[in-house]
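For the protein sequence lines, the chains are A and B, in the order given.
Take the first sequence: its letters are residues 1 to 295, numbered as in our numbering.
Take the second sequence: its letters are residues 296 to 626, numbered as in our numbering.
Among the hints, erroneous ones may be present.
Claimed, not checked - Negatives, chain B to chain A, calculated, CB over 10 Å:
(1) G333
(2) F438
(3) L439
(4) D524
(5) F602
Stated by the list, open to error - Computed cross-link-like contacts, BS3-like style, restricted to lysine-lysine with a CA-CA straight-line distance of at most 25 Å:
(6) B:K522 <-> B:K364
(7) B:K384 <-> B:K587
(8) B:K515 <-> A:K282
(9) B:K384 <-> A:K19
(10) B:K587 <-> A:K237
Derived from the structure by calculation, the hints contain no laboratory data.
Since the structure is predicted, the reported quantities are computational estimates derived from the model, not experimental observations.
All C-beta atoms in this analysis are idealised placements derived from N, C-alpha and C, irrespective of residue type, glycine included.
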Amino acid sequence: MSAVSAASVRANQVARVAKDVRRVILYVVTISLSLLFMFPFLWTVSSSLKTVGDILAYPPTLLPSVIQWQNYLVAWEQASFGIYAQNSVIVTSLSLIGTVSSSFFVAYGFARFRFPLRGFLFTVVLSTMLLPYEVTLIPIFLLFRTVGWVDTWLPLIVPSYFGGGAFNIFLFRQFIMTIPYELDEAALIDGASRVRILWNIIVPSAKPALATVGVLAFIGAWNDFMGPLIFLNSQEKFTVSLGLYALRNYVGEPGEPKDHLLMAGAVMATIPIVILFFVAQKYFVQGIVTTGLKG
Amino acid sequence: MASVAKAASASRGFRGGIDPLGEIKSMSAARRREALQGYLFIAPWVIGFLSFTFYPMISSFWYSFNDYKILTPAVWVGLRNYLYAFTGKPLGADGDPLFWLSLLRTLTWGVVTVPLAVFGALLTAVLLNQAARGTSIYRTCFFLPSLTPGVAAILLWTWILQPQIGVFNSVIKAATGLQGPNWLGSMEWALPSLAMISLWSAVGGSRMIIFLAALQGVPKEVYESAKVDGANAIQSWWHITVPLITPAIFFNLLLGIIGSFHVFTSAFVATGGGPAYATYFYALHLYNQAFKSFDMGYASALAWILFVIIMAFTLVQIKLSDRWVYYEAAR
Numbered sequence: 001m002s003a004v005s006a007a008s009v010r011a012n013q014v015a016r017v018a019k020d021v022r023r024v025i026l027y028v029v030t031i032s033l034s035l036l037f038m039f040p041f042l043w044t045v046s047s048s049l050k051t052v053g054d055i056l057a058y059p060p061t062l063l064p065s066v067i068q069w070q071n072y073l074v075a076w077e078q079a080s081f082g083i084y085a086q087n088s089v090i091v092t093s094l095s096l097i098g099t100v101s102s103s104f105f106v107a108y109g110f111a112r113f114r115f116p117l118r119g120f121l122f123t124v125v126l127s128t129m130l131l132p133y134e135v136t137l138i139p140i141f142l143l144f145r146t147v148g149w150v151d152t153w154l155p156l157i158v159p160s161y162f163g164g165g166a167f168n169i170f171l172f173r174q175f176i177m178t179i180p181y182e183l184d185e186a187a188l189i190d191g192a193s194r195v196r197i198l199w200n201i202i203v204p205s206a207k208p209a210l211a212t213v214g215v216l217a218f219i220g221a222w223n224d225f226m227g228p229l230i231f232l233n234s235q236e237k238f239t240v241s242l243g244l245y246a247l248r249n250y251v252g253e254p255g256e257p258k259d260h261l262l263m264a265g266a267v268m269a270t271i272p273i274v275i276l277f278f279v280a281q282k283y284f285v286q287g288i289v290t291t292g293l294k295g
Numbered sequence: 296m297a298s299v300a301k302a303a304s305a306s307r308g309f310r311g312g313i314d315p316l317g318e319i320k321s322m323s324a325a326r327r328r329e330a331l332q333g334y335l336f337i338a339p340w341v342i343g344f345l346s347f348t349f350y351p352m353i354s355s356f357w358y359s360f361n362d363y364k365i366l367t368p369a370v371w372v373g374l375r376n377y378l379y380a381f382t383g384k385p386l387g388a389d390g391d392p393l394f395w396l397s398l399l400r401t402l403t404w405g406v407v408t409v410p411l412a413v414f415g416a417l418l419t420a421v422l423l424n425q426a427a428r429g430t431s432i433y434r435t436c437f438f439l440p441s442l443t444p445g446v447a448a449i450l451l452w453t454w455i456l457q458p459q460i461g462v463f464n465s466v467i468k469a470a471t472g473l474q475g476p477n478w479l480g481s482m483e484w485a486l487p488s489l490a491m492i493s494l495w496s497a498v499g500g501s502r503m504i505i506f507l508a509a510l511q512g513v514p515k516e517v518y519e520s521a522k523v524d525g526a527n528a529i530q531s532w533w534h535i536t537v538p539l540i541t542p543a544i545f546f547n548l549l550l551g552i553i554g555s556f557h558v559f560t561s562a563f564v565a566t567g568g569g570p571a572y573a574t575y576f577y578a579l580h581l582y583n584q585a586f587k588s589f590d591m592g593y594a595s596a597l598a599w600i601l602f603v604i605i606m607a608f609t610l611v612q613i614k615l616s617d618r619w620v621y622y623e624a625a626r
């Protein structure tokens, strides 16, 4: 008897050790992968704080010998990142407002009103998600060229006020349909207008969906490169992404270093996204999961 | 009472009429009011669809049969733009020398990066799903690269891959004494370098989150009962997990393939399509035709060829999916 129980105790111990080993391997792999993914960021931040001498040193040093906060000041003022950032904030916030309000408005129409062709029109909304942007890019460019909007921010802002994107309409519609229609009916009987119902009943209940679409719209507009590349020509109108690209292609005097400024610029372009991610992490995840499960 | 209201709201579907005007006329005043209000609410989308989707589609289809270089009026040339594309090297001598090349580069890109990205995303999702502590920290580490603005991501990698003083080649030199490759500047390594950059930003992004949600959606009881029946970890992975997450795998593959045809920013910023066209992707070619040469007619033809290819891939994928995607019957 005692031999058997000793064996089973040992078997238990072996199993426990095996489990511990597996867990240790799991954590080692996960943590080293995380560090690998974060390394480019850390390296960039470190490079952005180096002196010109440090950044060109071979072999490269992990950390700056003297921390050069003024790199950011130089990038902000002399390399125009202050202007680019201001432009990006204007373009992003105006198109964000357009995307969220317009797609919400349209989704409310699809979710709460009966009208002929509703199903057909909603299918059209969904099918536009499959359309590659290249097919519409050239005529849209020619259209804005004809109305004289090239080299203004209008092509980056105005379209978002007309529908706000098929996926966003879809997401809002799904969300609004989960809000009980009895609430609308009660308000209608009390004589409330449809706009008031939208504002007083639907909007307050749809806050998570609004945050999700808002976050995705912010990322989309802030990170947009193709739009500014095609529509903007004057440097004083550039957004951060296009400004970074312009600085990279800028040929100064021979040997004039710009890598530390490029790194500072890349950090500044990324910081708003990182902050937004930490503030609104769960809305990111929600938005993506909706795409995956229902798209 | 509640059930009456429910039945009323359930009947609020579209009834499939094909004569909207006739239908509106036959409505009661209240219903007509509701329909008109509905149209008013969706009006912004209707205007946007007509001016930024429908009209541009018709228009680019029309331009694709025209010689149109912006400054002079469009001239009808029939199929010439399409022929020019298809008869380029290696299928002909007179056509666009870069059409097949750029298409081949793009397909290579898709074949290399999509399976790797989807597999990598699944792997990281499995890791995250296993880890008991600190999941949100790891998730953040994996996720942030996918949110980094494309240009910034390329710039930070260009700096890491800098051949002389970049951190990669410095480590290679210190470890082996050999000079590392020229990365983005070399014919052989430019495409792999871009692939590596794209994996960095693609593995931990939305794909991973979708897989994570799918993995968490597999009911725990199924694993437990399989364990009782004597299944080991590998068996329950292949016979429970994989079948139940096939919709997520399918979705990620489909979106990955579609996305791979649009690859633009990374090559445009990092290599400009070079060296010697090693990373000259289709979207880059299209951009150059449209916005460098201002050959809008030919660029429109390129766009429509791309459209047809993407649609074909999508349909084939959806057809194939019937064979291996498992959807829960209850859905």
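Hints, one by one, checked against the model:
no., hint, in the structure
1, G333, "violated (3 Å)"
2, F438, "violated (7 Å)"
3, L439, "violated (6 Å)"
4, D524, "holds (19 Å)"
5, F602, "violated (5 Å)"
6, B:K522 <-> B:K364, "violated (68 Å)"
7, B:K384 <-> B:K587, "holds (22 Å)"
8, B:K515 <-> A:K282, "holds (23 Å)"
9, B:K384 <-> A:K19, "violated (59 Å)"
10, B:K587 <-> A:K237, "holds (20 Å)"
In terms of the numbered hints stated before, the structure departs from hints 1, 2, 3, 5, 6 and 9, listed from lowest to highest.
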